[in-house]
Every structure is written in structure tokens, then in C-alpha cells.
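Undergrad: Could you build all of it, start to finish, from the sequences and the hints given here?
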Amino acid sequence: MRTRQRQADGCAGWAGQAQAATTAMAAQGARGTAGAAFLAAMCLLAGCSTMTTPPEARPRLPPLQPTTEPIVDLADAATAGLGGPVVKPPAWAERIQHLALQEWTLWGQARWQLPGEQLDKPRGAEAPSEAAPPFTSRVMQYWVSATGAELPRSQLQFPDGSLQPWSAAFITHLVRGTGLGPDKFPAGRTHWNYIRASLEKPRRSSFDALDASQVAPQLSDLICAPREASVAQFSQFSQLSRLSRQERERNWPFHCDLVVAVQRDAVGAVGGNVHERVVWTQAPLDAQGRLLPVPPRPWLLILRRSAAQLAATDE
1 MRTRQRQADG
11 CAGWAGQAQA
21 ATTAMAAQGA
31 RGTAGAAFLA
41 AMCLLAGCST
51 MTTPPEARPR
61 LPPLQPTTEP
71 IVDLADAATA
81 GLGGPVVKPP
91 AWAERIQHLA
101 LQEWTLWGQA
111 RWQLPGEQLD
121 KPRGAEAPSE
131 AAPPFTSRVM
141 QYWVSATGAE
151 LPRSQLQFPD
161 GSLQPWSAAF
171 ITHLVRGTGL
181 GPDKFPAGRT
191 HWNYIRASLE
201 KPRRSSFDAL
211 DASQVAPQLS
221 DLICAPREAS
231 VAQFSQFSQL
241 SRLSRQERER
251 NWPFHCDLVV
261 AVQRDAVGAV
271 GGNVHERVVW
281 TQAPLDAQGR
291 LLPVPPRPWL
301 LILRRSAAQL
311 AATDE
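Going by the working numbering, the sequence shown opens with residue 1, and the numbers climb by one from there.
No lab work stands behind these hints: they were computed from the structure. It cannot be assumed that every hint is accurate.
Claimed, not checked - Quick list of in silico lysine to any residue cross-link-like pairs, SDA-like style, CA-CA up to 20 Å:
id, residue 1, residue 2
1, K121, E103
2, K184, D208
3, K121, N273
4, K121, A132
5, K121, G268
6, K184, G148
7, K88, L310
8, K121, T105
9, K184, S145
10, K184, L210
11, K184, A308
12, K184, V144
13, K184, S162
14, K121, F135
15, K184, P165
16, K184, W92
17, K88, G177
Unchecked claim - Label-pair restraints from in silico Cβ distances:
id, residue 1, residue 2, range
18, L61, A312, 53 to 61 Å
19, P159, P134, 39 to 47 Å
20, S241, A216, 19 to 27 Å
21, Q246, T147, 35 to 43 Å
22, Q218, E247, 41 to 49 Å
23, Q263, A307, 17 to 25 Å
24, L61, A125, 53 to 61 Å
25, D120, E150, 31 to 39 Å
26, G81, R153, 43 to 51 Å
27, S129, A311, 37 to 45 Å
28, Q157, L119, 17 to 25 Å
Source: prediction; values computed, not measured. Positions of the beta carbon are idealized from the N, C-alpha and C atoms, including for glycine.
TA: Structure, rendered in C-alpha cells:
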């Protein structure tokens, strides 16, 4: 504004001088007229003609208001923190249960009440199967957790297009989600791979193998039952420890679920590839709180994270 005012003042000065010069030169005839015209042109070149009216006032912006939110210096966050809610990280046993329940919810929260065969679904809800493309993708993610890479279709499917059993990959996915690597929980295509490692611990696993007929299951335990050929081979836990090295090399068929609820007469355990889904299995207990073997699931052993490993993880 001050610059424009100075331009206007200068323009007025030029006009006054031009008027005086014109009067003085009028007496000199044509030469005076030409000089007056020259001075008028100089005023135009100086932009005087544009300043005959005052410029419009610019809109005034509202003043900045001080923020009520503190500005956090992230460089100091390592020591000072960000000022949010105080968070207490869950212990390992809680975390793996949360992961299992999240997967179960994703798959529709279907339940299987042993010893029956019927699958109970929430009223008005669907429990999608592995054949639905979004859930086939989920199964493939379990395999990535178990193997560290995407499986080729020849290993993911049978020749008829159905999926290979993926219950062991599901359990490995849960365990890997808690941060345990292969040195704490060896993965493989079958449950036997980590069962065998637990039988041979502490060299290969951070889990203890326990006799299901003698020990009551707890939250975050893996409860395991033989399947197919293993049913006839193993009726007692002690038979597992007596296996020769050559016999242990065989992939014995087993199934394992993760315990997420313990009641007076039953446990709830979440597992994969149960009725082609992730399912909550309700397994009955005896009067001492131990698993009752039933035809679909003749429970034989429990895999439990060792107390020393739990203490080290939760520090």
C-alpha cells in the first residue's frame, strides 16, 4: 500500500510539473505544446494513469489460533513417549489365544460339539469353507507362515483340485504370529513335525509334550489326537517315547487344536481344516478335568509352552 501511495504522489508531482511547463511553454508556441505532450507521456510511462483511483483493500485473514494439541517431538518419543493411553502388552499365552479367536471369527464362528458330527453355525450367519476364494487365499497365507514361501499349486492341491490338509499350517500361523521362530517351534506340512520336536526337546522345541491322560489341559495348550493309521499305532502316550529313530522319521497323522476356553466339563479349542474351516471344537472332560478320548478325537498328548520359555518371552 505504501509503494502504491508513493507512486500516486509521484504521479501528482509529475502532473503539477507538466501543468506548469505547459503554461510556461504556451507562450513559446508549437514548441511549448510539444514539450507539454512529452511530459504527459512520461506520466503514463510511470504508471500514473493507473493510480487515479485507490486500490481495493485486500481481505483480512483471521488471526491464527494457538492449538490445544501438544506438538510431540518424535526425536524424544523414545524416552518421553507420545502421551497416549498406557498399554500393557498381553502375555504370550493371551496373544496366541487372541490370534486363534480372531481367525475363528473371520471364518464365521462355527462350533463342533464332540462326539457328534454336526457343525453348529451362529443363527443367521454363514460359516464359509475353504472353497470360497477369500478363504482359499487365507489358507494360502497359512502355508506362507508354515513354509516361508508361497506354495506351488502342485503342493497346495490334490490332482482333483481339492486342497491339501492345512491344519498344521494353521497352527504354525498362530505360533509364528506370536514371534516364535523355527528354533522354538519347527514347522512342516504335518502336525507330527512339531510333535516330534517336542518329544526330542529341549534341543528342537520350546514346548513340553505331556500325557493327556494324566494332565488337565490349560489355556494356550495344543491338544493333539492321532488320526488314520496313527489311531491303531498309538493308544498310550508312552508309545510315543518308545519310537525308534527310524519310526520317528515317519509322518504319523495327527491333529492339534489350540485351547481358548476351559470349563468345568469341557474345553474349547480352535483348529484349522476342521470340516474344511477354522472351527471351535468343544471337547468333553472327565471329573478330574482331563480330556476324554472320543472316536473323532482320541486325545493322546498335550503340547505346552515350557515355564522357562514363557518367563523369558513375557519379560
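Undergrad: Each hint: holds or not?
TA: A quick look at each hint next to the structure:
no.	hint	in the structure
1	K121 to E103	holds (15 Å)
2	K184 to D208	holds (11 Å)
3	K121 to N273	holds (16 Å)
4	K121 to A132	holds (17 Å)
5	K121 to G268	holds (15 Å)
6	K184 to G148	holds (15 Å)
7	K88 to L310	holds (17 Å)
8	K121 to T105	holds (11 Å)
9	K184 to S145	holds (14 Å)
10	K184 to L210	holds (17 Å)
11	K184 to A308	holds (12 Å)
12	K184 to V144	holds (18 Å)
13	K184 to S162	violated (31 Å)
14	K121 to F135	holds (17 Å)
15	K184 to P165	violated (23 Å)
16	K184 to W92	holds (13 Å)
17	K88 to G177	holds (18 Å)
18	L61 to A312: 53 to 61 Å	holds (60 Å)
19	P159 to P134: 39 to 47 Å	violated (24 Å)
20	S241 to A216: 19 to 27 Å	holds (20 Å)
21	Q246 to T147: 35 to 43 Å	violated (25 Å)
22	Q218 to E247: 41 to 49 Å	violated (29 Å)
23	Q263 to A307: 17 to 25 Å	holds (24 Å)
24	L61 to A125: 53 to 61 Å	holds (55 Å)
25	D120 to E150: 31 to 39 Å	holds (34 Å)
26	G81 to R153: 43 to 51 Å	holds (48 Å)
27	S129 to A311: 37 to 45 Å	holds (40 Å)
28	Q157 to L119: 17 to 25 Å	holds (23 Å)
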